[in-house]
Amino acid sequence: MQVNKLEDNQIIENEIYFSSQLKMNDLDFTNKTQVINALKERLREYYLEPIKKLNKGKHCFAAGVLLITTIEAICFYTINKASKTRMISFFMQAKGMERYNDNLKMKKSIAIRLVSDFREGLIIEGRIKKGGLFSYDYDCLLTVIDNYMIINPNYLYEEIETFLNLFFSELTKNKVSYDFFIKEFKRQFSDIFNFV
Numbered sequence: 000m001q002v003n004k005l006e007d008n009q010i011i012e013n014e015i016y017f018s019s020q021l022k023m024n025d026l027d028f029t030n031k032t033q034v035i036n037a038l039k040e041r042l043r044e045y046y047l048e049p050i051k052k053l054n055k056g057k058h059c060f061a062a063g064v065l066l067i068t069t070i071e072a073i074c075f076y077t078i079n080k081a082s083k084t085r086m087i088s089f090f091m092q093a094k095g096m097e098r099y100n101d102n103l104k105m106k107k108s109i110a111i112r113l114v115s116d117f118r119e120g121l122i123i124e125g126r127i128k129k130g131g132l133f134s135y136d137y138d139c140l141l142t143v144i145d146n147y148m149i150i151n152p153n154y155l156y157e158e159i160e161t162f163l164n165l166f167f168s169e170l171t172k173n174k175v176s177y178d179f180f181i182k183e184f185k186r187q188f189s190d191i192f193n194f195v
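In numbering that gives the first Met the number 0, the protein residues as written are 0 to 195.
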C-alpha cells in the first residue's frame, strides 16, 4: 500500500483521508461525535505526535515551526476573531503567560510580538523576526533577554495540549461553541465538500 501526503490529508489507495481512520468522503458533518473524534485524531496524528518526536530529538526549530502551525490550525476553529487576533488571544490565555497578569498591557504587547515575530515570521517569511528563537535551555514558556524572545517548544506543546483538552470538553458540553466550531470547520473544507 502506497501512502502519499497531500498537504495535511493522506491519500491511501486513491482515497483521501481526513485522518488515518476516516476517509474524507465518510466524514459526516451532522454527526457531532464523529466530527469531534475525527478532529482529535487528525490533530494528534498530523501535528501533536510529530511535534513530540521533534521535541524528543531536540529539533527545536522544526518543532517550533510545527507548533506555530498547530496554533494557527486550532485557532481557526476555536476563537471567534480574525486570524491574527485569534493567535493573540491564544497567547493571552496561555498558562505560561500568567506572570504578566498584573500588567495586562505588557501581556498583550508580548502576545502581539509573539504573533508578529514567530507566526508571521515563520509562516510567511520562513524565519523568526527580531532575533527570536526556540530553545530548550530555558525552563519556562517564554524568556525575554535584551528584547529577544525565546520560546521553549516543550512548554508550548504543553500549552497546546491543555488548550485542546479544554476546547474538546467545551465542544462536547456547549452547543453554542459547537455551532460556531462546525460553521468554521465547514467553511475551511468548503473547497472539498459542497455544503448547502
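A couple of the hints might just be wrong.
To be verified - Okay, derived cross-link-like pairs now, DSSO-like style, lysine-lysine, Cα gap no bigger than 27 angstroms in a straight line:
hint	residue 1	residue 2
1	Lys129	Lys104
2	Lys57	Lys31
3	Lys55	Lys31
4	Lys39	Lys83
5	Lys83	Lys174
What the hints assert, rightly or not - Here are the computed distance ranges between Cβ atoms for each label pair:
hint	residue 1	residue 2	range
6	Lys57	Lys182	37 to 47 angstroms
7	Gly125	Arg186	36 to 46 angstroms
8	Phe28	Ser108	34 to 44 angstroms
No lab work stands behind these hints, which were simulated from the structure alone.
Beta carbons: idealized from backbone N, C-alpha and C, even for Gly.
Right, here's what the structure says about each hint:
1. Lys129 - Lys104: holds (21 angstroms)
2. Lys57 - Lys31: violated (37 angstroms)
3. Lys55 - Lys31: violated (34 angstroms)
4. Lys39 - Lys83: holds (23 angstroms)
5. Lys83 - Lys174: holds (25 angstroms)
6. Lys57 - Lys182: 37 to 47 angstroms: With a Cβ separation near 40 angstroms, Lys57 and Lys182 satisfy 37 to 47 angstroms, so the hint holds.
7. Gly125 - Arg186: 36 to 46 angstroms: About 27 angstroms separates the Cβ atoms of Gly125 and Arg186, which means 36 to 46 angstroms is violated.
8. Phe28 - Ser108: 34 to 44 angstroms: Check passed, 39 angstroms falls within 34 to 44 angstroms.
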